[in-house]
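> Work out the full structure, taking the sequences as your base and the hints as a guide.
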Amino acid sequence: MDRNLTLGDRLKVRSMIYVAGEPIPRFWPMRTFIHHNPLFGLEHLPFPDAVEEGSRLFHGQGYLTRQQYQEYRKEGKVDDGALRRYLQDFLSKHSLDLPGIELEQWLWTLLVEYVKPQVMVAGDWVDGTVLAAVLHGHPTALEEQELVRRLDDILSRKIHLDGPVYSNVDLLFGTRITETLDELLVKSCLDFFDEGQSAWQLPGREKGFYRAWKEVARRNVRLLLHGLHLPALLSSDEGPEGVIAQILMELKIPEDSWQKYILQQLTHLHGWAGFIRFRSQAKHYYWAQKYPADLTDFLAVRMVTGLTLLQEAMRQQGCPGDAEAIQEFVRKDPFAAYLRLELYGGSILPGWAQRVDDAIARPPRQGYRELALAYIRAKAQQEAGKQALALRALARQVGGGAEAALLALEPDSLRQLVELLGAWEKQEGYTWLRAMESHYMTQLVRKVRLPAEQKEIKRPFAQAFFCIDVRSEPIRRHLEALGDYQTFGIAGFFGVPIGYLEYGKGSEQHLCPAIQTPKNLIAEIPAEMELEEEPLYGALEHVLHDLKSSVLSPFVAVEAVGLLFSLGLIGKTVSPVLYHELHGRLHAQKPLTRLLIDKLTAEQADSILRAVQRAMIVRALQKELHLGRHQVTDDEVRELREIALAHASGPSALVRRMGFTAEQEQDFIEKLRSDYRVDRQETSLQLERLGRLGFSLEEQVQYVAKALLSCGLHRNFSRFVLMVGHESQTQNNPYESALDCGACGGGRGLPNARVICGMANNPEVRRRLRDRDIIIPEDTWFVPASHNTTTDEIHLADLDLLPARHLLYLERLRNGLQAASRRNAAERMPTLGVAEKLARDPHTAAVVARRQAHDWSQVRPEWGLSRNLYGIIGGRYLTEGVDLEGRSFLLSYDYRLDPKGRFLENILSAPVVVGEWINLEHYFSTVDVHHFGSGSKVYHNVAGRFGVMTGNQSDLRTGLPIQSMYKDGKPYHEPLRLIALVEAPAPFVLDVVGRLPKVKSLIFGGWLRVIVLDPEQGYQALVLEEGQFMVHPDSGLRPKAHWEARA
Amino acid sequence: MEWILLILSAILLPVFPLSWLFNRLVDTAPGCWGRALAILVLPQLGILLIYTVPTVPLPTSLERVILLLVLFTTLFYAFRALSVREVTIWTRLMASSGLTLDWILVAAGKNVHGVQIFALAWSLPAALLLVWAGLLRQRMGGAYLGLQGGLATVLPRLSSLMTLTALALVATPIFPGFFALLQVFHLLAVSWLWPLLILLLLWGWNIGRFLQDLLFGSYRGEPMEDVSYGLAAGGFAVLFLFALSTLIWSGTWTGI
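Protein sequences appear in the order of chains H and L. Be aware that the first sequence starts at 13, since it is given in the working numbering, and climbs by one per residue. Be aware that the second sequence starts at 293, since it is given in the working numbering, and climbs by one per residue.
Calculated from the structure, these hints are not laboratory results. Just so you know, these numbers come straight off a predicted model, no measurement behind them. Hints are not guaranteed to be accurate.
What the hints assert, rightly or not - Now the in silico label distances, taken between C-beta atoms and shown as ranges: (1) H:Gly-583 to L:Arg-512: 39 to 47 Å; (2) H:Gly-963 to L:Gly-513: 48 to 56 Å; (3) L:Gly-442 to H:Ser-27: 37 to 45 Å; (4) L:Gly-442 to H:Gln-130: 13 to 21 Å; (5) L:Leu-523 to H:Lys-459: 51 to 59 Å; (6) L:Met-516 to H:Gly-412: 25 to 33 Å.
Claimed, not checked - Here are some chain H residues pointing at chain L (derived, C-beta under 8 Å): (7) Pro-346; (8) Ile-360; (9) Leu-361; (10) Trp-364; (11) Ala-365; (12) Gly-947; (13) Ser-948.
To be verified - Here are a few chain L residues that sit away from chain H, every Cβ distance over 10 Å (derived from the structure): (14) Leu-329; (15) Leu-359; (16) Ile-381; (17) Ala-399; (18) Leu-439.
A virtual CB, placed ideally from N, CA and C, is assigned to each residue, including glycine.
Next comes the structure, spelled out in structure tokens:
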């Protein structure tokens, strides 16, 4: 092994890891679940290519099964015309003339009638000759020479020189190194990345993952129990990059293949790799700052453990220990290698398994050749037999003389037919997908209403801005149907990205789309006096929870306090709503709070900091020196602060007066600096942070103007303008955050609503808005609100700020909101399996919805964003009164107020991209719920407080669970790409898209479908297909008078 | 003559090294039904032969040797079964591991009927499992587990039968094997119990592996036709009666 690695070598390895990590999607902690495209790293490729590559990397399926698509077709959800068109396109690209074979008929039958997942049988030995023999009932007659040649091909394809050495050894020796390696690596990750779930932490985590692991691994009993001897590998002082390079050299991986090898290693546990990737890039993430780790550490731990396991297997089983030795092993006896591959790879014919097993355990004297040849013939016969059966079954379904024509084909023609069928099946899923989308695009074009002639505009009773989330669509529809309400759709962060410091929480939360980083910080501060004493129940609960995490508690505490926990268990199970009401009463209520929205001046910031530091010093005096506030003067506190900040030196007046020694004073000052963070460095950090607090007046004007104008509202404001954020409410649900607002980075939308309302109610902001032609009447009040998507309730916030004259109308507003909530619950509850009889009455439906929210055994409290399909960017008039079944992201937009296309740019680059992520997260979680989704919730366990695993350990489960995607064993979410409809002139849209490279690549790469509804072309619906706009055939159905009137 | 009878008995009621012949005999029986019959009948013949030997109960001088051989045999076959995935072979190894314990009853002077019923506690589930293995072979082409996981999803009835029968074979409580084993515990001195504890560990390990290979994982092969409801009901009925008989007598028939 060459141990003299240069800096260049190390940098090369690091850069390879960086590049290899690119296709791995980042995985955000579940507390702030971010819906993301699992193939985000492949978005530079066209959709079908990325799906193929993603399937290879992550071992998942990219499309539903043929049978499922056929069911959709029976339900009328597939455009048959489009399906046939795509089929003909395929055939025109694969011109093939086979005697007696009507290829279009064959493929059509395969598509719509053949129910098995694949007509092509996976196998190594089927070719035209073998197939022809079997079709005619003859045994396969493979020439020995030909057979040996093909054996070499098969072995070189399956045992790559640059393939993972451990996996190759597993395939040839049945050693299960990969499985053990994953198990050990997951345990190491759980130890290091824990975020407070474990009572005992891994020591030395602040040194980084690899170094902390290395320290522990040297004396890790768990590894010793596996018989692993790590010290030799870990004795060098080499960093993780150097270790990786050394191991790659030791495994004799060709240097050209290092990149590929690293990618294979990283994607093996892509959930963990994705989380580490997120962590290493999230600069604000507390745990990453405290305990740093990156993919290089992760890979180093994997490779060291892997090499150790490999060396152990070499000692015990005498297997080859590097890539070249494996190739040599295969070359030396390909027959033995093939038999081993078949047995340990699990593809052996079951009837031969014991024989081969025995032969490997006791090598036959005459070698493996005879046995292998006999086995291969049997295998070829079996594969060809299956293939022949499948083809004949298909031919029978095609009907006519198809079966006879099949039997009459020459071996070469048979080969061509099989190749064509294989090529078709490879892209069949994409064909189905496009044909289904075509159906739904037609549905949308037919549903959309054209703007009617301008009527006299009446002032609505209330206007409400809802998040674009699909769950807002039904409640908006119900609210509008109730009467004088006008609603708008806007991204749920209302265009204001904030870092939010919630009262009582220690860290900042980003409430904006994950692709943005907020510059401004909003702090929530209590408006009432804070009580120092913790309420009794809260204190008791703390004690109990501390007991739960104690190592000794199982021995002593179960009998003593276990009964107390059972009260909660019984309450939550028998009467969840009542239990939560009582529980809520026992807990201290959150005090009334205000948000610091206005920017602080430097003097204000300094003054606040001083006030906070003085309060800390007073608290420290009480706790450390037992001096009450009445014993200390303001001047003495000020002097102590100056000493702590090193602006003055002791002894202080207080020390002299109270007779403390110099040492006591020094200790106290040190405590102030370390524990109470009253020191110079911390002060400058805090000042910097305070500088981020709030928004300047100009920023406030900008944000409010943008929010209103982008939605097309600049006149005719009503008395109430509601800014409705949304959140969910579930129990015992690690995916709770996935049900919250995606536009708020998986957080709640209320803080953003409070911020924008605070800005819009500011008289100075309104004055400046008037200069921009946005006239907000004096009697208009912006009210923040929160839509609970689980219970359908809408709660109004900051009502204490409401002007007195508005209180007269408050009851009407609340009644309207409550009625809409109940109607929405009645629409939603039957889809969640609630009996129609119960759900029919809106009041009962609302009660049931509340129970769902409090029920801790409920695996599906709401459907979340399941079934999302459309994104409609335009006036509400397009879909007002249309039942979009809660499947549409609705974004209010008026291109007439956006001459430069800036608002459309914002919409396309943030909400539409977030919508695309949400849509594709759902798409892939449905098409392969076990690989791209997270499987069943039933087996999930929370890992380290940031993710879930299946069982007690597994890869981190990314994606959504089966309970969110499937109902009664069938997909509830129909996996289709987002269909975005934009109401604006086509050239204008193209111009804006052209300015946004990322969005352009998404649209033209087919990651979302686009329809442009062009008001200047008579509201023609233009569908973007294969990079070109095509007029949708149903566009012509529009009555001309309508669009002329509007234009 | 006595020695010849004893040796013959040790072949039919397997004791190492003659147990090798017993396994060969079962293995060479034609078809799954033939093997099932062989594993039912051969031990019974062995027991009858033992009781034709005039010196039974066995002389005290032989007891210790037989005890050592029996305990070795039972542990050896349980250990050997750990590395086997073929259901037929696994079944006969596990049956050998259980049946050999019969000799402890013989040495303790139990009556012939008690010993015969004791043997049935292992040979009946083994016979059933050999039949199920035959049915599995008909469907898959072989009865080798672990190649295709998740057979329970594609063959739910046959997998359930195999699971319950295998549990009966490893002396899971409620099945007769469990009470039979209790009897062995009862007969042995405390200082000789440790091999039985190791045996329990090995059997537990065996059934864990067996069920892991049979039930878990996701099936990726061709669809297969499960056994008929009638056959499954018959199989469950036999197992139910088998377990019920033990529960009714609460182990009395095994001599406790």
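> All the hints need checking, so say for each whether the structure fits it.
Verification of the hints:
no.: 1; hint: H:Gly-583 to L:Arg-512: 39 to 47 Å; in the structure: holds, 45 Å
no.: 2; hint: H:Gly-963 to L:Gly-513: 48 to 56 Å; in the structure: violated, 24 Å
no.: 3; hint: L:Gly-442 to H:Ser-27: 37 to 45 Å; in the structure: holds, 42 Å
no.: 4; hint: L:Gly-442 to H:Gln-130: 13 to 21 Å; in the structure: holds, 19 Å
no.: 5; hint: L:Leu-523 to H:Lys-459: 51 to 59 Å; in the structure: holds, 55 Å
no.: 6; hint: L:Met-516 to H:Gly-412: 25 to 33 Å; in the structure: holds, 32 Å
no.: 7; hint: Pro-346; in the structure: violated, 22 Å
no.: 8; hint: Ile-360; in the structure: holds, 6 Å
no.: 9; hint: Leu-361; in the structure: holds, 6 Å
no.: 10; hint: Trp-364; in the structure: holds, 7 Å
no.: 11; hint: Ala-365; in the structure: holds, 4 Å
no.: 12; hint: Gly-947; in the structure: violated, 11 Å
no.: 13; hint: Ser-948; in the structure: violated, 12 Å
no.: 14; hint: Leu-329; in the structure: holds, 22 Å
no.: 15; hint: Leu-359; in the structure: holds, 31 Å
no.: 16; hint: Ile-381; in the structure: violated, 7 Å
no.: 17; hint: Ala-399; in the structure: holds, 35 Å
no.: 18; hint: Leu-439; in the structure: violated, 5 Å
Comparing the model with each earlier hint shows violations of hints 2, 7, 12, 13, 16, 18; every other hint is respected.
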